[in-house]
Amino acid sequence: MKRNFAAVVLMMTVLSAMAYAGSISGKVSGVAGESAVYVEAAAGKTYPAPTAHPTIDQKGLMFQPHIVAVQVGTTVDFLNSDTVAHNVFWTGVGGNKKLTHNLGTWPKGEKRSFKFDNPGAVPLLCNVHPEMSGYVVVSPTPYFAVTDKSGDFKIEGVPDGSYTVTAWHEGAKNQSKPVTVAGDTKAEFTLTK
Amino acid sequence: MQVRQRVYAVVLGLLMLTGFTTSSYAIPAWSRQYGTSCSTCHVDFPKLNDFGKAFKDAGFKFPKDDESFMKIPPVLLGAPANKDLWPHTIWPGTIPGIPAIGLRYNHFFQVVSRNRNAYNAQLPNGQVGTYIPRVDNQPGYFSIFTAGNFGSDIAFWVDDDLSVAGSNANGGLGDAYLKFVNLGRILKLPTDSLSLRVGQFEVDLPFSQARSWNLSGWDIYSEANIGAANGLQPQNVNNGFAFSSPGQGIEISGGHLYRGYHYSVAFINQNTSGSSAAPANVDPANGVGFSSDSNFKDIYARFSYRFNLERDPASRNEIQAAGATGPHDHTSLNLGTYYLYGRSVQRATGVRSDGLTQTVITAREPFYRVGGDFSFNYRALNFFGLYMYGHDKNLVPLTPSGFILPTGFIGGRAATFSGGFLEADYLPLPWLMTIMRWDRVNSTADQINGIGADAGNPPPSPFFSPFSSVRNRFTPGVQFLIHANIKTSFEYQIRPKQIVYAPGTNFALTNPFRTNSAVAALEFVY
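Respectively, the protein sequence lines represent chains H and S.
Be aware that the first sequence starts at 0, since it is given in numbering that gives the first Met the number 0, and climbs by one per residue.
Be aware that the second sequence starts at 0, since it is given in numbering that gives the first Met the number 0, and climbs by one per residue.
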């Protein structure tokens, strides 16, 4: 009986949350290729760190995928699938040069992991293949998305309310704007270099 | 050999010797094909890093999983399944998906020390030497090069200087060859233990002159062995061979440049006279030339062993060593030796023993070049050097008493030389390389000849021609990569005091000829 009651309460809670959760969709224009869009942190709100480890592969002398967006506190696995030696390092997080880090070198098929505890864009580099470039965009909230190549995005499961939403694109200036989410909400961004 | 000819030969050797530019190549075509930076293979182009050496060993491709790195896939000249039909079909190969062409241009600015015309001032009255300007802008090379892999481990390379300027230019076709990599697999030999190269190529020198990163070549590589021009020590040695020139022939090789053993044995055309033939009686008439000047083929052999000295044993056999901050070239010590044997041909008009019937008499003067080399690498520091000893047997025409022409040859004092170089390259930053070099050549022919020893036939004063008993040169330099494909370089060539003889008196002059020079260059490849 107690078990059934708990299930009902849980279902009610989920349905209730879904009823008040909307989405933010739109387009990032002014730049070509993928961008990242994320909801900035709201005062007093905290979010549990996810347990899943997204993977960034070094394959064919490229970081794949080129852009990965994660929530603060996420551990990212860096895999080397190439038969040549690679290295992963970054010169800062969100422009903070003090957060530079070097993961070193590891053989084909192995991984190195790193937990990103600071929000901001992390430019990934390889010191033996200087043309290699990738990004981890660390979002302060669990509400983020990477656009498709035409710039379209959709962030699901955002509770109704007022937020600041930021669009990021490599080499462009970030653009932030207030967005009030009520169900499916639109947000358009135009970035400049 | 006439004295005048010898002097010209000496001057020609000098011009070769004093050439202050060397061809150097990096291959932008591979950057395009693989979508990667020049610095994947080069420390400071064209100097190779360990990965670049492995790329070269593998036949200009990635040592493993080459296809997975190509951004522009090759064009199939036959489906791979055609291999099953062979010999009833052509063995399938590939060509690069884009024309594998790279271009290079460089420009030089040179400054020569104040006493640059001091030698000319010593010429006898009535003779005017070549005026040497204090500063000069010199267009260098515009070169084209193409290289890659045709599949089936067949690599190709062609480089040519389309346009050259300057009196020291040695343009034209450089290397042009096919290399059949890892042929040993057919014979079940260890991987990479046997490859075959056919065409025109620089022999497997310990440090490539053709692809040197220095502005000026290493002097010892340009040392031709030309015998004494005066009558005191008659030498009938006129060997124009120098390692700086490519040879034509075949080469077998094996091993790796980035670890362990490496060997090569080459058989190349013998041509010590510098002349080639296009005889009228070989069909098609004048359509076929011969670049050999004798039947003999020079033999060149090299063996080296590289000890990778990383503390981590697992890392020693990898192409690049693993480090806490990323892969890097191994800490290593490379030791090598090389040997070349040939038989320089001297032909002259002589007579038979009857003293009347004219004939061609031929001297075949065995010669060899032998030496050793080392290279030590520790992170950003590379310290290396080479020693060479050259020896040419000297067969002097023998004219019996009462004869006008010689009937044969008799052994004389051999013409020898020795020397080499030491060089240290250090990169305090990835785009900045500092260089310190010491070149030294000690030649008996130089000692005997002096400069302008024949007052009646003084050679024109070449641009840089300190030419006497021992030639030393100290060359500090610095090179900057503006981009990975654009480089500006500077070197200052210091030549200490040397003994030079006055053309008119044959007396040694105290210090008339100390021509230091500064050379700056700007070059780009694309």
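Hint data in this document are derived by calculation from the structure and do not stem from the laboratory.
Just so you know, these numbers come straight off a predicted model, no measurement behind them.
Wrong hints could be hidden among the right ones.
[To be verified] No farther apart than 27 Å at their CA atoms in a straight line, the calculated lysine-lysine pairs in the DSS-like style are these:
| # | chain 1 | residue 1 | chain 2 | residue 2 |
| --- | --- | --- | --- | --- |
| 1 | H | Lys58 | S | Lys70 |
| 2 | S | Lys52 | H | Lys58 |
| 3 | H | Lys26 | H | Lys153 |
| 4 | H | Lys58 | S | Lys296 |
| 5 | H | Lys107 | S | Lys296 |
For each hint, the structure was consulted:
Simply put, Lys58 of chain H and Lys70 of chain S have alpha-carbon atoms about 12 Å apart, close enough for the 27 Å limit, and the pair holds. A distance of roughly 22 Å separates the Cα atoms of Lys52 of chain S and Lys58 of chain H; the hinted pair therefore holds under the 27 Å criterion. With a CA separation close to 9 Å, the supplied pair Lys26 of chain H and Lys153 of chain H stays within the 27 Å bound. For the given pair, Lys58 of chain H sits about 48 Å from Lys296 of chain S by alpha-carbon distance, which is inconsistent with the 27 Å threshold.
As the CA atoms of Lys107 of chain H and Lys296 of chain S are separated by approximately 47 Å, the hinted pair breaks the 27 Å bound.
Checked against the numbered hints given earlier, this structure breaks hints 4 and 5; the rest are met.
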